[in-house]
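Chains R and A are the protein sequences, given in the same order. The first sequence begins at 1 in our numbering and counts up by one. The second sequence begins at 113 in our numbering and counts up by one.
In short, the hints are calculated from the structure, not lab data. Every residue, glycine too, gets a C-beta built ideally from N, C-alpha and C. Everything hinted at is true.
Okay, derived cross-link-like pairs now, DSS-like style, lysine-lysine, Cα gap no bigger than 27 Å in a straight line:
#1 R:K42 to A:K126
#2 R:K99 to A:K182
#3 R:K45 to R:K79
#4 A:K169 to R:K45
#5 R:K45 to A:K121
#6 R:K45 to A:K183
Stretches of chain R that chain A covers, calculated by requiring three or more beta carbons in the stretch to come under 8 Å of a beta carbon on chain A:
#7 45-59
#8 103-109
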Amino acid sequence: RKEVEQDPGPFNVPEGATVAFNCTYSNSASQSFFWYRQDCRKEPKLLMSVYSSGNEDGRFTAQLNRASQYISLLIRDSKLSDSATYLCAFGDTNFGNEKLTFGTGTRLTIIP
Amino acid sequence: NAGVTQTPKFRVLKTGQSMTLLCAQDMNHEYMYWYRQDPGMGLRLIHYSVGEGTTAKGEVPDGYNVSRLKKQNFLLGLESAAPSQTSVYFCASSRDFYNEQFFGPGTRLTVL
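Excised from the complex, chain A in its bound form (with noise of 0.2 Å):
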């Protein structure tokens, strides 16, 4: 099994561009995740699906959406690129909120 897998593993935008951020599961796990990790600022929720077809904001959603069309993947979007979004990008999957959250390798995005 290959786990939690994002791509790309980094990128590099100018200011305006957008892009969009893969995260696939085979675990079969219904919770996935996205969070960004900035120095000082530990790990902030991005965004967050608790099933197929569902998607619910955290605590930093501005300028970011997602969709979770398969159960498998979860897609991080950037319309607008902008340099505070410069960061570390993880996505995470569990089997439910109780139990452990399995990482991604995560991709370093930065915005010039």
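So that you can see chain R by itself, here it is in the shape it has in the complex (with noise of 0.2 Å):
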């Protein structure tokens, strides 16, 4: 298995509509976990940490299911500015290698 599958889409969505993905991982011992937004040919830019109880940042909400060793992204009345690619990441701190893994990303258009 994989350290973190995404779907790579491309997610076609119109305007106004609410959209999902899920990340999954696979080290149970994951310890942060992170939403990045990159725009094309952009740097990724944090778009929101994820907390154990769930979090809501205006129309994103993150969710954490620990269990089922995934989280997950909601994105309500979604905006033509929504459109990029959303990375997942996964800390741990494995024998001190403190490191990041991301996943592929996850492309998502808006459609007018």
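Join the two chains into one complex using the hints; note that each chain is given alone, in its own frame.
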């Protein structure tokens, strides 16, 4: 099983719709969870961290399911500006080798 | 604040040539990272540093060397470039392992 699995998409979603992505991870020792956003030919930028109890930031909701080892991102009332690639990332400190492992990204296109 | 900067932004090398990519951050972050991003492969960690004078290998370190002589700078060296090193290289920094990573704008490297 890959360390991180993420549906590459593309997800083509009409403006105003709700869209959700999942990202699964294989390392049960993962301790930190993130969603990053990457626009075309740009650098990744943190969208939101994912906390155990779930968290919301405006139209964005992130959830963590430790039992099934996945995180999710829900975008409500999608805007054209939400078009981007969304990367999940998981952190672990395996024997002092601290690192984030990134997914390959899910491409989202919001259609007018 | 400039955040994380990278030089150069673009470079074309011939096989066997060497070069150094420079990353600088002005956020006083302890942790710095070098990633490469290839289509379908996601971000892969090359090397990282947890403080001035320290470096550690990431997922794909072969063919690269790094140095962190000053806290604000992290250099990535290619001693003998190969076409397989054609990629987009991102530098990132963070306060510590559990916090947001801030990325530079990337260096697009082509090795002919």
